[in-house]
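Chains as they are written, first to last, in the UniProt record's numbering: chain A, 1 to 767; chain B, 1 to 1118.
Calculated directly from the structure, the hints in this document are not laboratory data. Be a bit skeptical, because a hint or two may be false.
Using 30 angstroms as the maximum straight-line C-alpha spacing, the simulated BS3-like pairs for lysine-lysine come out as follows [as the list claims (entries may be wrong)]:
(1) K709(B) - K193(A)
(2) K586(B) - K260(A)
(3) K578(B) - K198(A)
(4) K655(B) - K193(A)
(5) K260(A) - K655(B)
(6) K198(A) - K678(B)
(7) K678(B) - K309(A)
(8) K193(A) - K578(B)
(9) K1087(B) - K686(B)
(10) K680(B) - K709(B)
(11) K198(A) - K889(B)
(12) K586(B) - K237(A)
(13) K1054(B) - K260(A)
(14) K1081(B) - K1055(B)
(15) K586(B) - K193(A)
(16) K518(B) - K453(B)
(17) K678(B) - K193(A)
(18) K148(A) - K586(B)
Some chain B residues judged to face chain A by a derived CB distance under 7 angstroms, without partners named [claimed, not checked]:
(19) P592
(20) V596
(21) L608
(22) D609
(23) Q628
From the three backbone atoms N, C-alpha and C, an ideal C-beta is built for every residue, glycine too.
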Amino acid sequence: MATYLEFIQQNEEQDGVRFSWNVWPSSRLEATRMVVPLACLLTPLKERPDLPPVQYEPVLCSRPTCKAVLNPLCQVDYRTKLWACNFCFQRNQFPPAYGGISEVNQPAELMPQFSTIEYMIQRGAQSPLIFLYVVDTCLEEDDLQALKESLQMSLSLLPPDALVGLITFGRMVQVHELSCEGISKSYVFRGTKDLTAKQIQDMLGLTKPAMPMQQARPAQPQEHPFVSSRFLQPVHKIDMNLTDLLGELQRDPWPVTQGKRPLRSTGVALSIAVGLLEGTFPNTGARIMLFTGGPPTQGPGMVVGDELKIPIRSWHDIEKDNARFMKKATKHYEMLASRTAANGHCIDIYACALDQTGLLEMKCCANLTGGYMVMGDSFNTSLFKQTFQRIFTKDFNGDFRMAFGATLDVKTSRELKIAGAIGPCVSLNVKGPCVSENELGVGGTSQWKICGLDPTSTLGIYFEVVNQHNAPIPQGGRGAIQFVTHYQHSSTQRRIRVTTIARNWADAQTQLRHIEAAFDQEAAAVLMARLGVFRAESEEGPDVLRWLDRQLIRLCQKFGQYNKEDSASFRLSDSFSLYPQFMFHLRRSPFLQVFNNSPDESSYYRHHFARQDLTQSLIMIQPILYSYSFHGPPEPVLLDSSSILADRILLMDTFFQIVIYLGETIAQWRKAGYQDMPEYENFKHLLQAPLDDAQEILQARFPMPRYINTEHGGSQARFLLSKVNPSQTHNNLYAWGQETGAPILTDDVSLQVFMDHLKKLAVSSAC
Amino acid sequence: MNVNQSIPPVPPFGQPQPVYPGYHQSSYSGQSGSTAPAIPYGAYNGPVPGYQQTLPQGISRAPPSSGAPPASTAQAACGQVAYGQFGQGDVQNGPSSTVQMQRLPGSQPFGSPLAPVGSQPAVLQPYGPPPTSAQVTAQLAGMQISGAVAPAPPSSGLGYGPPTSLASASGSFPNSGLYGSYPQGQASPVSQAQGHPRIQTPQRSAPSQASSFTPPASGGPRLPSMTGPLLPGQGFGGPSVSQPNHVSSPPPQALPPGTQITGPLGPPPPMHSPQQPGYQPQQNGSFGSTRGPQPNYGSPYPAAPTFGSQPGPPQPLPPKRLDPDAIPSPQLNELPPQQKTRHRIDPDAIPSPIQVIEDDRNNRGTEPFVTGVRGQVPPLVTTNFLVKDQGNASPRYIRCTSYNIPCTSDMAKQAQVPLAAVIKPLARLPPDEASPYVVDHGESGPLRCNRCKAYMCPFMQFIEGGRRFQCCFCSCINDVPPQYFQHLDHTGKRVDAYDRPELSLGSYEFLATVDYCKNNKFPSPPAFIFMIDVSYNAIRTGLVRLLCEELKSLLDFLPREGGAEESAIRVGFVTYNKVLHFYNVKSSLAQPQMMVVSDVADMFVPLLDGFLVNVNESRAVITSLLDQIPEMFADTRETETVFVPVIQAGMEALKAAECAGKLFLFHTSLPIAEAPGKLKNRDDRKLINTDKEKTLFQPQTGAYQTLAKECVAQGCCIDLFLFPNQYVDVATLSVVPQLTGGSVYKYACFQVENDQERFLSDLRRDVQKVVGFDAVMRVRTSTGIRAVDFFGAFYMSNTTDVELAGLDGDKTVTVEFKHDDRLNEESGALLQCALLYTSCAGQRRLRIHNLALNCCTQLADLYRNCETDTLINYMAKFAYRGVLNSPVKAVRDTLITQCAQILACYRKNCASPSSAGQLILPECMKLLPVYLNCVLKSDVLQPGAEVTTDDRAYVRQLVTSMDVAETNVFFYPRLLPLTKSPIESTTEPPAVRASEERLSNGDMYLLENGLNLFLWVGASVQQGVVQSLFSVSSFSQITSGLSVLPVLDNPLSKKVRGLIDSLRAQRSRYMKLIVVKQEDKLEMLFKHFLVEDKSLSGGASYVDFLCHMHKEIRQLLS
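Take these sequences, add in the hints, and give me the full structure.
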């Protein structure tokens, strides 16, 4: 463990955890002075091919308020078969099964390399996975066709015993019964009327009195009434039926007059989907997959009226408080989302349309339930098709990369308290001694529910050091945190993954260097960004930026090396050196800047930012730029306008987009057709190289990025130009002389200017 | 019974008649026994012939009678007195008998004269004719009472004097008296004269009674009354014709006229009078103390029943009669006894519907009815006749209560005759009459008056050489558009008049332009939606399976227009229990799609495309659907149903498809599921005869009306088929069909085995019949009268436009007119009924019917041109609507009062002066009492114990849109003897009167009223007949309640089955056959339809009612 870098990396690989600080300040006061809070990015289900789950259940601390899981940090008295909880110091007897343990015969959970361990729980009924398709039929013909094909294809990807259901909607909402022979049957609901779960269940005949138990199965001990089987059927039984049904799906037949939007009852459709599952399979892993091709235009949750002349709300409208339906719609979807979350189901939103589709209002459905949000231009694009297909990819064990109904339980040693979490989760409102009163993100609890998650789902979890300055921690003491994640594996087993980590305490007054060196600026940047984005959801954009700036300045003041009032003397140590740059790009990112983005896009970006792991998040904050040239192998280059050179090919990955940009000369060459000439085969290879690399990224990423192949002067070059640091603009083009690169037509400040200001402010004693 | 009763007396007199001595019976007896008797009655029975012959003689007769008169007067007086006494018909009988005694002598003398009379019969006839002319007909004059006038006697004698005459008559015309009660009486006299002294005897008996009554001397007056009417009758040339009609009743009249004419005639009247007295007595009786207790009728009726039993009563009577001998004074004392006997009135002597119908058939059935003449009274609805449209609408389209309208409202008020027209705009025509021509006036649309908007019609007057025309309704002068210009000929008629239907015909159609369409868009073809209840009950009874199976083939027979190859009508399917299932049967689908809508509180249509489809294009899918529906719900446990949401759904579907259409709703139970329009079981028999009874007819909630309004706005018509096992609240459920111009069919306790035929037949007819949609009807009239009230199945949002979501060839609208100004005798009164509708091919059209009526300043003209059947149609509808708002009792009283007023007005203003004791009926209205009585005792107005609330509501709404022919047979059922006529005869046997008396236990009868069909089998029917019809060896083996006759290959079986089929073909609904055996339990049901008898529920017998009516009239007159 030579460097902190390696340490951090190793920790991430083993536990899926990255802390902003890897050495913790030992008092509350000092911790607050560190500016960046003590926090971590946790990827609960990080893939660990080397970690097969153990086939027994965890041993818990017997103190009712603690219930921490036995872990390698616990003190164990092999002689008396006792172990001390490292969180509450309760001494516990090992269960009888552990009778044989000794120093040489330890169970896995006591071995240090098993700081993360997964238990498999055998008891309890296994319920199949449930996939409920909620399909918009107000689509263009080819869009609908493409969507139908995607859905039909997906049937073949589902495990045969998974239950599927189909709800279609347009002006009306149809819940299709899948078990019918000879006639296809569906229940239809008006798209304008909000119904309670009870009403929905009544109308679907799911309530007991309406449908007396079938004789066939007089007394099913099973919890879920089998009446629901009319709407949710095992794939293997009805895939032919369903394939036909999907094949016969027609566009919403109601006439749409000129100048109108089709009437789309997304709000009711979702409500019915939620109600259906709520009534039949509560607390069972289930995905509601909403496919929509436009904004909800009627009923509860409508986002815009059907008059085309009234455009859907923009950020401008929202700022002017001019979005009539937004609040009501948001409220509707929030209500649905929280119900869904309470039932342990998750909602995916696949929105494909050229215009906005109301993601802003609906975002909570995906955000709170851990569902996916995918935004595209059309269902007939590979972006959607492949993204959708990717949902059903399998891991090395042949299991889906998805898990359901997880609860994340966080336990801390007593010097720490939990301030909150940011990610695709909802609070379970479990108060406890380790819950802080100060909230960061979703706080006030030590447990969260994550209804849907995959191996990359990552939460930011924020802590607060509560140890008082005058109560020093004994030398060598370590703070510990345990993350316990209960979840339903895609193989339908219940599993528990336990990660226990510990970090050293350090007195910030005496050991600031240690702390400084243990700063993980990448994690810190992402964690701060999450905080910023979290704030941006509820606060005005400029306020958030100001807050971020202040935090950055304070951080620089705290950890910079400088002479007062001398900005030229300002230096930051290596472990902080990149941090300001991250902040610079973060400020320009679509997560905080809404300019040029629709509210839907902003919601979409923020959604992904709040759930991706550190690497992806960093790419989102500061896109990666590779340069391809005849001068050498491809190399990463500065995300700067100066990198845009005529004889280069650039490949930019912003997570959401992959942009291949041909420099001016290259573009001319290609136009001249040199790549087709045998003697210029090397040029052909050069052109091909970024394509191959891009393909590699495209293959791996979820959701699939927008793939943009452009060249100097191309209209799509804007994707590149808007991201790079505008070191050369029309303002300073001449001042910077003959330097190569492309000027960016913007008034945005460049990184240089930003840094200058930062230094000036950091060294000033004014703040 | 009278007969029987009379019998005893008879002996004393003449045995021949003995049997009937009573009264008419004499005539009866005559009939039965010898021809002679026939004559008396002949009036009724064979009146016609009688008349002819009589005419000449009549005169001669008169004289003889005249002789008698004095006596009669005396009697009359008695009669009056008797009144009270008479009330007890029996009493009368009694008295009569006594009288007879007295009279005997007299009668005998007559007898002798009569003998000569042989000729008399002829005489009668002569009278007959006059009476007919008199229209007077009703001479029931029994009531001489008031008539006391001495002079009258003679005349009265003729007329009805009989009663009065009774006393007196006894002397001279006792016989006549007997019969006299009715015109027939007169006839009878003849007969009597002829040689029925015996008859006379009976009469005398009557007289005796009369005597008791007669004292009042009213007898005399009566005579005059008789004459009065007669005279007018004579006046009319028409009478001759009418006479025949009258004949039945007229005969007596005839006499009267004669009487009137000459003093001598007077005498004959006495004859009548005696008869009359007979009536009177009864009446009197009824009025008298007797009635007091019971409803007026009450008493009489009770008696009536006895009628049936005849035997019993008669016997008692005799004794009474004996007593009566004491006669003169005894009256008062005897009253009670009299009451008992009062029935003595001879049923044959009172106007017989059968006779009237037969006469009209014979007289008017042969010639086509040419509509060219203004104010012509068409033949009766029961007559088959051909119509030639020459400028007025065929009576198949419009019938009026009167074809001569009083010029002033004062007159109209005086007469109390409702002025109403029964309009059936889309009536089906017999194959040999052409349906209305379609006229296309091009883009400018039909030519109309600028002011009143009346459509061009034959009555428009072209002036100024054809450049302008004057509106015949409002007199506005309009320019003739250039493209319509045509020169006039020397008579001022357009030369192209005969080329243009709108200038020469009473009925024609215009093609409507887009201005006449909803939203200014030509309509799309209409749609039919079948909405099938699939709750447990519907499945269990096999209804759903049956229906689905039938629909598969029925869909090929949707109504088409003209020569269209396939129907333009699209179809859709919905099933429901407490949720609704819509079906997508788009032709491109491999299998039907079912869409369930559970949100019944807020109904909507879940699909657009594929719900309404062309049958041929989607046949495969539809067939597959109809195959599956019974399977899908085979195991259903759902018993609850909804109703309002179902209709709402259908309506919304039509709205979404932007078309009009019809919903066929097949429903089984009270809709108790939680939904709009949810109903409670509120059936409560305790409410009957209380002020709250009307609530049983009112809808439970307003939701149904609201819904109906919406349906009408959309042109959505609902036909409702009900299959209830118990109370379903027809009153509420039928609101929507009713207001949308739809029909309701009800099959209580439906079982596939029993009711399949009936249901399928109704369904087929209902689906196939031609319908107009989204219709608006407006009736325009000449200035002076105005349409003020409308009855039928429709909705009105303002006071002039009748809105009909759907209108078929069976639906009738009755319109009442009132004066708002003077009418002009010269120009008459015009009606124009314009119906704007969408044809079943989706074409928008206007159908115009024009009718010109005469106007009169003399009430007599009004009474001469009335149509009783139409009047009854109006009155029934009026009453049936009345029960929604008033207690049933009040409604009944209103009817009786109105009827009495009408008749009293006639008596006062048109009939020549006569004894007040005589009942004088206008010839055209002589059946009014019998028919009105039928209305009064119908289930709605006087429910029997076995009649359910649903039945009443059902009938109530059925009648609302019935046409005249339907109401006619509905209220007075046809009773056809089966074995009387030779097997070879292909025509329908002549009907007999609906009374148990007319049934012979050795015969079988068919009874039909348009809804029910009974085959009554007498207990002593020949075994051979039983064998050949039922294929069983004896009467006792016939299954009671059998509904299908076995198909046997013998002439009788073929004939009966053929007859049944032809009866069914005549009616718009299939009549299920019920075989009833004499003395069987089911017979009660059957007897309910013998409307001339007293009913179990307290309805009066014809005779009793007539007496009551007479009393009312007298009260009005005094």
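Against the structure, the hints come out as follows:
| no. | hint | verdict |
| --- | --- | --- |
| 1 | K709(B) - K193(A) | holds, 25 angstroms |
| 2 | K586(B) - K260(A) | holds, 26 angstroms |
| 3 | K578(B) - K198(A) | holds, 17 angstroms |
| 4 | K655(B) - K193(A) | holds, 20 angstroms |
| 5 | K260(A) - K655(B) | holds, 20 angstroms |
| 6 | K198(A) - K678(B) | holds, 21 angstroms |
| 7 | K678(B) - K309(A) | violated, 43 angstroms |
| 8 | K193(A) - K578(B) | holds, 19 angstroms |
| 9 | K1087(B) - K686(B) | holds, 25 angstroms |
| 10 | K680(B) - K709(B) | holds, 23 angstroms |
| 11 | K198(A) - K889(B) | violated, 51 angstroms |
| 12 | K586(B) - K237(A) | holds, 27 angstroms |
| 13 | K1054(B) - K260(A) | violated, 69 angstroms |
| 14 | K1081(B) - K1055(B) | holds, 27 angstroms |
| 15 | K586(B) - K193(A) | holds, 27 angstroms |
| 16 | K518(B) - K453(B) | holds, 19 angstroms |
| 17 | K678(B) - K193(A) | holds, 21 angstroms |
| 18 | K148(A) - K586(B) | holds, 20 angstroms |
| 19 | P592 | holds, 5 angstroms |
| 20 | V596 | holds, 4 angstroms |
| 21 | L608 | holds, 5 angstroms |
| 22 | D609 | holds, 4 angstroms |
| 23 | Q628 | holds, 5 angstroms |
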